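So the sequence lines, in the order shown, correspond to chains P and U. Residue numbering for the first sequence follows the numbering used here, starting at 1 and increasing by one per position. Residue numbering for the second sequence follows the numbering used here, starting at 1 and increasing by one per position.
A few of these clues could be false.
[Said to hold, decoys possible] Computed footprint of chain P on chain U; a stretch qualifies when at least three of its residues, placed anywhere within it, have a C-beta under 8 Å from a C-beta of chain P:
no.: 1; region: 179-191
no.: 2; region: 196-206
[Unchecked claim] Some chain P residues judged to face chain U by a derived CB distance under 7 Å, without partners named:
no.: 3; residue: Ala383
no.: 4; residue: Ile385
no.: 5; residue: Val405
no.: 6; residue: Phe407
no.: 7; residue: Ala412
no.: 8; residue: Ser413
no.: 9; residue: Leu414
no.: 10; residue: Thr415
no.: 11; residue: Trp417
no.: 12; residue: Glu426
no.: 13; residue: Arg427
no.: 14; residue: His430
[Said to hold, decoys possible] Have a look at the derived ranges for each label pair, beta carbon to beta carbon:
no.: 15; chain 1: U; residue 1: Asp132; chain 2: P; residue 2: Gly348; range: 27 to 35 Å
no.: 16; chain 1: P; residue 1: Arg93; chain 2: U; residue 2: Asp132; range: 54 to 62 Å
no.: 17; chain 1: U; residue 1: Trp197; chain 2: P; residue 2: Thr337; range: 25 to 33 Å
no.: 18; chain 1: U; residue 1: Gly175; chain 2: P; residue 2: Gly348; range: 23 to 31 Å
no.: 19; chain 1: U; residue 1: Pro206; chain 2: P; residue 2: Arg93; range: 44 to 52 Å
no.: 20; chain 1: U; residue 1: Phe274; chain 2: P; residue 2: Asp107; range: 36 to 44 Å
no.: 21; chain 1: P; residue 1: Thr390; chain 2: U; residue 2: Asp132; range: 34 to 42 Å
no.: 22; chain 1: U; residue 1: Arg178; chain 2: P; residue 2: Glu241; range: 52 to 60 Å
Hints are computed from structural coordinates only; laboratory data are not their basis. Predicted model, so just to flag it, every value in this text is computed and none were measured. Ideal Cβ placement from N, Cα and C applies to all residues, glycine included.
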Amino acid sequence: MAEPTVLTVSDLTVTYRGRGRVVTAVQDVSLSIAAGRCLGLVGESGSGKSTIGAAVQGIIAADGSAHATGRIAIAGRDLTPITDPAWAQVRGRDVTSVFQDPMRSLDPTMTIGRMLNRYTGSAEASVAALERVQIRRAGEVLKKYPHQLSGGMRQRVMIALALAPQPRLLVADEPTTALDVSVQAEVLSVLREAIEGAGCAVLFVTHDLGVARHMCDDIAVMKDGLVVETGPAGDVIARPEDAYTQRLMASRITLTTDRMRPVGAPEPAVVASMRDVLSEQGRPDEGVADAWGAGDLEWERFMGRTAAVGAASGLTDVRLVEHVTRPSLAVNEVDKTYWSRVKGRKVGNHVLTNVSFEIGYREAVALVGESGSGKSTLLRIAAGIEKPDTGSVDSQGVAGEGTQVIFQDAGASLTPWRTVEELLRERIEHTTTGAGMSRAQMRALALSTLELVGLDESVLAARPTQLSGGQQQRVAIARAVVVPPSVLLCDEPTSALDVSVACSVLNLINLLRHSLGISVMFVTHDLAAARLIADRVLVMTGGEIVETVGAERLAQDITTDYGRRLVDAVLA
Amino acid sequence: MLYSPRRTLKRLERPTPDRPDGAWSALGMGEKLSLIAVALTVLIAVVGPVLMPYSAIIPSGEQLLPPLSPGHLLGTDVLGMDMATRLVAGMQRSLFAAVVVTLIAAAIGTLIGVVAGFRGGWIDSALMRFTDLFLAFPAMIIAMAIAAAIGQSLGSAMIGIIVVWWPLYARLVRGEVRRVAALPHVQAARVAGVRGWKLLWRHVVPAVTPTVVVTASLDIGAVVMTLAALSFIGLGTPAPAPELGRMASDGMKYFLNAWWVAVLPSLAIGLLAFVFNYAGDALRVMLRRTGV
Chain P
1 MAEPTVLTVS
11 DLTVTYRGRG
21 RVVTAVQDVS
31 LSIAAGRCLG
41 LVGESGSGKS
51 TIGAAVQGII
61 AADGSAHATG
71 RIAIAGRDLT
81 PITDPAWAQV
91 RGRDVTSVFQ
101 DPMRSLDPTM
111 TIGRMLNRYT
121 GSAEASVAAL
131 ERVQIRRAGE
141 VLKKYPHQLS
151 GGMRQRVMIA
161 LALAPQPRLL
171 VADEPTTALD
181 VSVQAEVLSV
191 LREAIEGAGC
201 AVLFVTHDLG
211 VARHMCDDIA
221 VMKDGLVVET
231 GPAGDVIARP
241 EDAYTQRLMA
251 SRITLTTDRM
261 RPVGAPEPAV
271 VASMRDVLSE
281 QGRPDEGVAD
291 AWGAGDLEWE
301 RFMGRTAAVG
311 AASGLTDVRL
321 VEHVTRPSLA
331 VNEVDKTYWS
341 RVKGRKVGNH
351 VLTNVSFEIG
361 YREAVALVGE
371 SGSGKSTLLR
381 IAAGIEKPDT
391 GSVDSQGVAG
401 EGTQVIFQDA
411 GASLTPWRTV
421 EELLRERIEH
431 TTTGAGMSRA
441 QMRALALSTL
451 ELVGLDESVL
461 AARPTQLSGG
471 QQQRVAIARA
481 VVVPPSVLLC
491 DEPTSALDVS
501 VACSVLNLIN
511 LLRHSLGISV
521 MFVTHDLAAA
531 RLIADRVLVM
541 TGGEIVETVG
551 AERLAQDITT
561 DYGRRLVDAV
571 LA
Chain U
1 MLYSPRRTLK
11 RLERPTPDRP
21 DGAWSALGMG
31 EKLSLIAVAL
41 TVLIAVVGPV
51 LMPYSAIIPS
61 GEQLLPPLSP
71 GHLLGTDVLG
81 MDMATRLVAG
91 MQRSLFAAVV
101 VTLIAAAIGT
111 LIGVVAGFRG
121 GWIDSALMRF
131 TDLFLAFPAM
141 IIAMAIAAAI
151 GQSLGSAMIG
161 IIVVWWPLYA
171 RLVRGEVRRV
181 AALPHVQAAR
191 VAGVRGWKLL
201 WRHVVPAVTP
211 TVVVTASLDI
221 GAVVMTLAAL
231 SFIGLGTPAP
241 APELGRMASD
251 GMKYFLNAWW
261 VAVLPSLAIG
271 LLAFVFNYAG
281 DALRVMLRRT
291 GV
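Isolated chain P, as found in the complex:
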């Protein structure tokens, strides 16, 4: 432990001033990193972790909007945060950075070689720098522009660029968040090895505990601008002491998480929804939270009856039933090709090839694959947003009405100038259930659904722009289930969310699926989340379903190479 300390942050406080409000982003934070060590700064959005990252890089704009106190020392040089004129000598020399999106942080007008040569001085040295980040055929890559490379390659180039000036400190701000899961694991190991070779200190900013454990020697957990816990990575992960860290750890989802019970620690919003469900089913239970905490709350307990109003039922009124035999969604031999013109010639891109599967009553099926595997197109076809070239989709089930979608970006899926009540009413109006309803009845139905997802009537009159991300996600879910659909299609509903919010969304989907008796199709790239919701997992690649696995023993039962790669990509 004789390594010298490279970065020391002492009592750093950063406040932002904007339009009459002062926001404290970081409060009294002290950190230090020794050479050759990697410190993980873990926290949810708004915890101040990126502000610290920006402060030690000296890239917070000194335009008066941000104010800081405390000291930052880098490689023996003592600096005043934000305003010190010496930052210009530190930035890009002693401190370099790897950002989240390599497409935006690489200069699109320069070849990789031109960018690298500025630091290395010669083409040979640049080749060596690229080889250090395990890029084969480095000579060819040097002649390319950023847009000609894949996301993983770009991030490797970014790492090579960041290490080329031989910095004392490297700041990596969510370097793999924008990448595909299987690429993420590769890039992380490249980063790990390159850092070990370079011997610099690393500040690794991430929201993902799995990534932090994989990468870091030490971990600092942040919440609301404060560091709540620091320690060696193994200790913090295995024996979290702070209550917040414990909750964060509990919301982690792995391939061994219990599927039968809610994940994470009991959460007021979800507990409230559970009570609503139970009292509506005529068996109120005040002990739900305790049962959850004690680990004997199973999803089975929330089983409710299904509203049979689907087009195939032949009914015109709503009737609650115990069981349905007809499958909720049947996809038969669907093909889809997108055509585009490249230099005047028609080029076809086969997105889906002969895809068939069924989703049974009350069944949940996950479609798992990387971007470009065709899983999202399949969801859009199932939702009726797009038409298949050949083949058919039958979503005219007996249970529930039609298909509904929860989109990845819930905020963008809500029309910004319409109120929540109007958005929910629109769905109700266009169903058999809502056909004869008055305004007041629709309002009551909307309200009871909002309560079911943990919101109240103050939200009814609000516009989506007034709501937080978590609230928007809940409104989107409420719209999808206000009249229970036959199949609920979920398009990566958790990938843009913080771990704890993602956790409560997954719990909510599971709760609704059991209590409303609906089927779910869950599209995701995250096997752990897929396993939690789904009974069956379909692995997709290249527009085909290559494997169907039962969810319970997913990690053991998966056989295809591609499936195994996805399993390995789950960083536990």
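Based on these hints, arrange chain U on the given structure of chain P.
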């Protein structure tokens, strides 16, 4: 029950007010000034003529009195009509004509653009080729031809300008509609069962409106200029009607000994165009709140 997790949670999660300070405070000093200037200009143009002591088309004093003469603040013209009265009346005419032209052009263009962009397919192709047809002609020439064909009057100049002006809106709106229709919230509304005109009206058009309004407000200035140019070359209503362009061109003959007869109407045209151009930016800031 003293403690209910649900109530507590909901109280914490109250939606924040959308814009606590309102749209006005989002504006900078210059933008506020520009809106005030527009309001003043419109006020002068609307109520000014009523307040003026003279008639705009009847001589009321000696000929070619210079500005600051007693009783005639801005002087008189070659027939002895009061300049101030004629300018205010001219501004009213120009402004009225420009607003009407812009509104009609924007309405036609928006309608065609919305239909083309939303329906797509052959309807889109047909409507857009039709629009291209109009875009292919130089604006001034076609306006001159129409004004010449149906006689010299302000009305014919206005029709001429409308004919060449609407295609710009059709293009603009079609592009916006296509962009907005591909956004997730429109797809989500489609999945919720909203179709056809309802989908268009509720989920697409509100996102396009700010663009159209801002463009239209900027265009009022440009239409004032174009109308004045047509009037200047003799395609507006003939004298003694108080038209700024015609007044400027008639005044050219006396430019050397009575500069005000030509210069003052030109300044009035410039003022109108400038004020509306400047205010367009302020309007854009105010309408940005929808965030699409």
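So, going through the hints one by one against the coordinates:
no. : hint                              : verdict
1   : 179-191                           : holds (count 9)
2   : 196-206                           : holds (count 3)
3   : Ala383                            : holds, 6 Å
4   : Ile385                            : holds, 6 Å
5   : Val405                            : holds, 5 Å
6   : Phe407                            : holds, 5 Å
7   : Ala412                            : holds, 4 Å
8   : Ser413                            : holds, 4 Å
9   : Leu414                            : holds, 6 Å
10  : Thr415                            : holds, 4 Å
11  : Trp417                            : holds, 5 Å
12  : Glu426                            : holds, 5 Å
13  : Arg427                            : holds, 4 Å
14  : His430                            : holds, 3 Å
15  : U:Asp132 <-> P:Gly348: 27 to 35 Å : holds, 30 Å
16  : P:Arg93 <-> U:Asp132: 54 to 62 Å  : holds, 56 Å
17  : U:Trp197 <-> P:Thr337: 25 to 33 Å : holds, 32 Å
18  : U:Gly175 <-> P:Gly348: 23 to 31 Å : holds, 27 Å
19  : U:Pro206 <-> P:Arg93: 44 to 52 Å  : holds, 50 Å
20  : U:Phe274 <-> P:Asp107: 36 to 44 Å : holds, 40 Å
21  : P:Thr390 <-> U:Asp132: 34 to 42 Å : holds, 36 Å
22  : U:Arg178 <-> P:Glu241: 52 to 60 Å : holds, 55 Å
The structure agrees with every numbered hint stated previously.
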